[in-house]
Amino acid sequence: MGSQPVIVFTDVTKIYPLAAGDVVALDHLSLEIQRGEFIAIMGPSGSGKSTLLNMIGCLDIPSSGDVIIDGKNIRTMTDDQLTELRRDVLGFIFQQFNLILLLNALENVQYPLILKTGETGCTERCKEVLAAVGLTSDLWHHRPGQLSGGQQQRVAIARALVNDPEIMLCDEPTGNLDTKTGTAIMHLLTRLCREQGKTIVMVTHDPRTAEYADRVIMIEDGKIKEEA
Amino acid sequence: MSSHRLFFGLAVRNLQIHWLRSLLAAIGIIIGVVAISSMGILGNSLVLSVSDSLTDVGDSVVVTPHVSFQGMTSTGTDKRITDRQLEQIRRASGNNEVVPVYAGGDRIRIGREILAASIYGVDPQDIPTLLNLETGQFLRGASGVMVGAKIASENNLAVGSRILVGDEEAGVRVVGILAERGMGFDISPDYAIITSDQWYKDFYDVTGYDQVIVKVRNLKDIDQVKDSIDAQLNRRETEVNVYDTKAILETILETFGRISTFTMAIGGISLIVAGVSIFNVMMMSVMERYREIGILRSIGTKRAEVRSMFIYESLILGVSGSIIGGVLSFLGGYAAIAVMLQETSYLFAFSSLIQIPYGMIFGVATSILSGLYPAWKASDLRPIDALRHE
Numbered sequence: 001m002g003s004q005p006v007i008v009f010t011d012v013t014k015i016y017p018l019a020a021g022d023v024v025a026l027d028h029l030s031l032e033i034q035r036g037e038f039i040a041i042m043g044p045s046g047s048g049k050s051t052l053l054n055m056i057g058c059l060d061i062p063s064s065g066d067v068i069i070d071g072k073n074i075r076t077m078t079d080d081q082l083t084e085l086r087r088d089v090l091g092f093i094f095q096q097f098n099l100i101l102l103l104n105a106l107e108n109v110q111y112p113l114i115l116k117t118g119e120t121g122c123t124e125r126c127k128e129v130l131a132a133v134g135l136t137s138d139l140w141h142h143r144p145g146q147l148s149g150g151q152q153q154r155v156a157i158a159r160a161l162v163n164d165p166e167i168m169l170c171d172e173p174t175g176n177l178d179t180k181t182g183t184a185i186m187h188l189l190t191r192l193c194r195e196q197g198k199t200i201v202m203v204t205h206d207p208r209t210a211e212y213a214d215r216v217i218m219i220e221d222g223k224i225k226e227e228a
Numbered sequence: 229m230s231s232h233r234l235f236f237g238l239a240v241r242n243l244q245i246h247w248l249r250s251l252l253a254a255i256g257i258i259i260g261v262v263a264i265s266s267m268g269i270l271g272n273s274l275v276l277s278v279s280d281s282l283t284d285v286g287d288s289v290v291v292t293p294h295v296s297f298q299g300m301t302s303t304g305t306d307k308r309i310t311d312r313q314l315e316q317i318r319r320a321s322g323n324n325e326v327v328p329v330y331a332g333g334d335r336i337r338i339g340r341e342i343l344a345a346s347i348y349g350v351d352p353q354d355i356p357t358l359l360n361l362e363t364g365q366f367l368r369g370a371s372g373v374m375v376g377a378k379i380a381s382e383n384n385l386a387v388g389s390r391i392l393v394g395d396e397e398a399g400v401r402v403v404g405i406l407a408e409r410g411m412g413f414d415i416s417p418d419y420a421i422i423t424s425d426q427w428y429k430d431f432y433d434v435t436g437y438d439q440v441i442v443k444v445r446n447l448k449d450i451d452q453v454k455d456s457i458d459a460q461l462n463r464r465e466t467e468v469n470v471y472d473t474k475a476i477l478e479t480i481l482e483t484f485g486r487i488s489t490f491t492m493a494i495g496g497i498s499l500i501v502a503g504v505s506i507f508n509v510m511m512m513s514v515m516e517r518y519r520e521i522g523i524l525r526s527i528g529t530k531r532a533e534v535r536s537m538f539i540y541e542s543l544i545l546g547v548s549g550s551i552i553g554g555v556l557s558f559l560g561g562y563a564a565i566a567v568m569l570q571e572t573s574y575l576f577a578f579s580s581l582i583q584i585p586y587g588m589i590f591g592v593a594t595s596i597l598s599g600l601y602p603a604w605k606a607s608d609l610r611p612i613d614a615l616r617h618e
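Taken in sequence, the protein lines are chains A and B. Reminder that position 183 of the first sequence reads as 183 in the numbering used here, one-by-one numbering, no gaps. Reminder that position 216 of the second sequence reads as 444 in the numbering used here, one-by-one numbering, no gaps.
Source of the hints: derived by calculation from the structure; they are not laboratory data. Remember, predicted model here, so these are calculated numbers, not experimental data. Incorrect hints may have been included.
[Claimed, not checked] Below, in silico cross-link-like pairs of lysine-lysine (DSS-like), each with a Cα-Cα straight-line distance of 25 angstroms or less:
id: 1; chain 1: A; residue 1: K116; chain 2: B; residue 2: K530
id: 2; chain 1: B; residue 1: K307; chain 2: B; residue 2: K429
id: 3; chain 1: A; residue 1: K72; chain 2: A; residue 2: K127
id: 4; chain 1: A; residue 1: K116; chain 2: A; residue 2: K127
id: 5; chain 1: A; residue 1: K72; chain 2: B; residue 2: K530
id: 6; chain 1: A; residue 1: K223; chain 2: A; residue 2: K72
[To be verified] Covered stretches of chain A (in silico footprint by chain B; criterion: 3 or more residues with CB under 8 angstroms from a CB of chain B, positions within the stretch not fixed):
id: 7; segment: 74-84
id: 8; segment: 104-114
[Said to hold, decoys possible] A short list of chain B residues far from chain A (calculated; beta carbon distances all over 12 angstroms):
id: 9; residue: N242
id: 10; residue: V278
id: 11; residue: N360
id: 12; residue: R463
id: 13; residue: R525
id: 14; residue: K530
id: 15; residue: Q570
id: 16; residue: P585
id: 17; residue: I612
We put the beta carbon where it would ideally sit given N, CA and C, even for glycine.
Can you build the whole structure from these sequences, using the hints too?
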């Protein structure tokens, strides 16, 4: 585990103005996550854990307070700068996999690499990553609809890894998988953290999944209730 | 550069997946391009056809007696240009050639055929100034006539043929056949008989001329000559009408040019409809792909890149539709002028063929314009909102 914080939340509040009244999703929340840490965020529905993850992922910005990702304050960044940060520093793994249905497995992994490098002939790196996450080569040219949930999640993890991101964000990564496949995916994530030093922030409802993390942060009503 | 290839590829795949919708949108553009180009070809061919049938003589000032209309009746229809007025016209015209002309129409008989023809009476010395000879010779004295190219060819007239003129059936012999000249604003000799002024005057017992033609040597002087005649003869009251053939020719061609533009505009309406269709297809595509746009944005796709993907889609529809439309426009234009003008050679004129690339450019531009708003709409989505979309 490293010693430098790669994610810093300082007194962050996020308010969603609604007709029925403002909803406070994050309430003066402060948090530091060190480089190479594996963090699990837990909490009941509506507690603010997804908002927290979206903010780390630069998909949302705080109403007040500062969010520093890899040394950059996301409140002062333009849309293009935030997009580049997502592309180069962050890797996303979603519960519903969120692969691009028009592209096959290899092309899905190639996509962010082409965005970053502008090179279309970068298949070797993509094949390496696909092999590393355990997707056999006979499946590389299959479209997402032709793959099982576990296979799709492996493609999603390969896509998240291909640009060698500092931080990996996982939103219920085993939520749509059977227990056996879920366990395999969690082993893969743990290995990425331990062997490659990736910082992993994972939102989960499942206490067994959270057991893989170095630290578990419990959130309730937009505040950190407990850290373990 | 390569990321553009990536988004172009995505655009192609999306169009392929929704091939029927894409095909219908492209057909809209095809119809629009065919309509605008074919109408353009037809309009241009119309202008060319009119230009061909009109004489290219644009160097004359024509003076005719003034006819005024009062209520439902006209006065002065029997007016003619007198010798005094002719002298005034000569003075006003300076050293330009002035040709007085008798003009009328009569029944003629050629063999057993009886038909109507225009008859002009011109001083034989002035005929070479106005007309060109095809075969035979120009008139030399009061006897004999010259005939127009079309009346000659359609009635097998040759030098030496005999024609009977009027109810009296006065016999005249053809001494020369004129070169084809087209419809003119001064005289139209193609279906006419040209006699000497003396023969016409004696035969029809008229005094005074029906019109006076001034052949202006230097085209720059045409307005000055026209104004000078007007000032001389119409000082107190309007005695004569003065007009120049150049201005009439220009006005006619301008009018037909406007008709051509109007027909193209009618074709343009179908292109607008096609544009609405592409707009609709693109908006549907954006709405169906909210979540996909969210995924693309979340993994590092910039707004401009999302925009380019949707613009590529409309561009592909526009370019493919326009290319097919361009090819079909050639056939459509051919059919249109074959039916309307019975003459297809105008299709191969540069000014006709250029209507096809014009139509194609309009087709592509319409497609891109139709895709701009949907593309902007797609790129403006917040990734977090797009990801939440079900």
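Results of checking the hints against the structure:
Under the criterion of a C-alpha separation no larger than 25 angstroms, the hint pairing K116(A) with K530(B) is consistent with the structure, at around 11 angstroms. Proximity of K307(B) to K429(B) is assessed by CA-CA distance (about 15 angstroms); at most 25 angstroms being required, the pair is judged to hold. Note on K72(A) and K127(A): the hinted pairing is violated, with a Cα-Cα distance of about 32 angstroms set against a maximum of 25 angstroms. Taking the CA atoms of K116(A) and K127(A), the gap is near 17 angstroms; set against the 25 angstroms cutoff, the hint holds.
For the proposed pair K72(A) and K530(B), the alpha carbon gap of about 19 angstroms is at most 25 angstroms, so the pair holds. This hinted pair checks out: K223(A) and K72(A) have alpha carbons roughly 23 angstroms apart, not beyond 25 angstroms. For the segment 74-84 of chain A, the stated coverage by chain B is satisfied: 4 residues place a CB nearer than 8 angstroms to a CB of that chain, which reaches the threshold of 3. Residue count for the segment 104-114 of chain A with a Cβ under 8 angstroms from a Cβ of chain B: 3. That meets the three needed, and the coverage hint holds.
Interface exclusion of N242(B) from chain A breaks down, the closest Cβ pair being 6 angstroms apart, not more than 12 angstroms. The claim that V278(B) lies off the interface holds: its Cβ sits roughly 55 angstroms from the closest Cβ of chain A, which is beyond the 12 angstroms cut-off. At roughly 70 angstroms, the least C-beta separation between N360(B) and chain A is larger than 12 angstroms, which holds for a residue marked as non-interface. Residue placement check: R463(B) keeps its beta carbon more than 12 angstroms from all beta carbons of chain A (closest about 78 angstroms).
Against the 12 angstroms criterion, R525(B) falls within the reach of chain A, whose nearest CB is about 7 angstroms from its own CB. Once the 12 angstroms rule is applied to beta carbons, K530(B) is inconsistent with being away from chain A; the minimum gap is 5 angstroms. With 12 angstroms as the threshold on Cβ separation, the claim that Q570(B) sits away from chain A holds: the shortest Cβ distance comes to roughly 53 angstroms. Its beta-carbon lying about 33 angstroms from the closest one in chain A, P585(B) satisfies the requirement of being farther than 12 angstroms from that chain.
Once the 12 angstroms rule is applied to beta carbons, I612(B) is inconsistent with being away from chain A; the minimum gap is 4 angstroms.
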